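Taken in sequence, the protein lines are chains A and B. Quick note on numbering: the working numbering labels position 2 of the first sequence as 2, and the sequence is numbered without any gaps. Quick note on numbering: the working numbering labels position 107 of the second sequence as 249, and the sequence is numbered without any gaps.
Errors might be hidden in some of the hints.
[Stated by the list, open to error] One side only, chain B facing chain A, incomplete, derived with CB under 7 Å: (1) GLY182; (2) GLY185; (3) PRO201.
Just so you know, these hints were derived from the structure itself, not from any lab. These numbers were taken from a predicted model, which means no experiment stands behind them. Here a beta-carbon is modelled for each residue, glycine too, at the ideal position from N, C-alpha and C.
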Amino acid sequence: MMRPFLEAVRTFKLKPFRTADLVENLGYATGYARNFLSQATRQRLLVAGPKERKREKTFMVNPSVIRKIILKGGREKEELIEALGLHSKYLGEYIALKGFEVVDHDLNLYTLGERIFSDVEGQDEIVITNVGIPKKIITIEI
Amino acid sequence: MGIGKCWKFNDCEQPPYPTIEVTVSSADHKATISPKVDTGFNGSLAIDRESVKTLSLAPVGTTLVKTATGHNEVSLYVVSISQPDLAIIQKTLAIGTKRSLVGRKLLEKRTWLLDCKKGRFCIITD
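For reference, chain A alone in the conformation it holds in the complex (with noise of 0.2 Å):
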């Protein structure tokens, strides 16, 4: 489910997209396609997008999913950071990101903490995290 779901945030991230988008852009089979986003829908990770044209569904990678997967951590952040196409621009760095938008970076952790949790509002829906190994990383000795 995890390896089509980044396909997808790799290929469409905000866009809308259809079964045949994904036909086209990833090669599926349309029942392979098909079984993807009926399961993928029912599991959150892609909700309903707008309807370009009469009983054609689309749907868009669900954006509050992209905080979960990043606080369970693990290889699928990794991976989804990398589909996200963030390596290329803040590799060492932090990053806080509110669904797909990056609203803030910093090499040092504590300097981008400060600057997005001064305020109580929007804490909710950011999250923090490195993008590869950071340049100014935290050490602990024991």
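Fit chain B to the supplied structure of chain A, relying on the hints for placement.
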């Protein structure tokens, strides 16, 4: 120079280790903890799982940290720290770890006495 506020070593392990008492608060909860002083920690505060539970902290992120054994991923929490003897009242990020730690970010700009003979960790005053 004189000796100011001192904190007793924690002797729950041998040899005993230095600690500092800090009050940590979240939006709805407050707890006073005595984290281990870790001069190898370049951050401010690491908070153990029990304190995370007590303070009902929700993670605001995750990050890689470097330990003696390699890289580890830890959760990040927003906490308010208060330590009147160090004139510290600040909102900061704390990392989630097995045991609570105070790092160099909270110790800097002070002169310290590590008195292993008397088992105390003290602020040196001018």
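Do the hints match the structure? See the list:
Here the hint on GLY182 (chain B) is kept, as its CB sits about 2 Å from the closest CB of chain A, short of 7 Å. Hint on GLY185 (chain B) holds. Least Cβ distance to chain A is approximately 5 Å, under the 7 Å limit. With its C-beta approaching chain A no nearer than about 5 Å, PRO201 (chain B) sits inside the 7 Å limit, and its interface hint holds.
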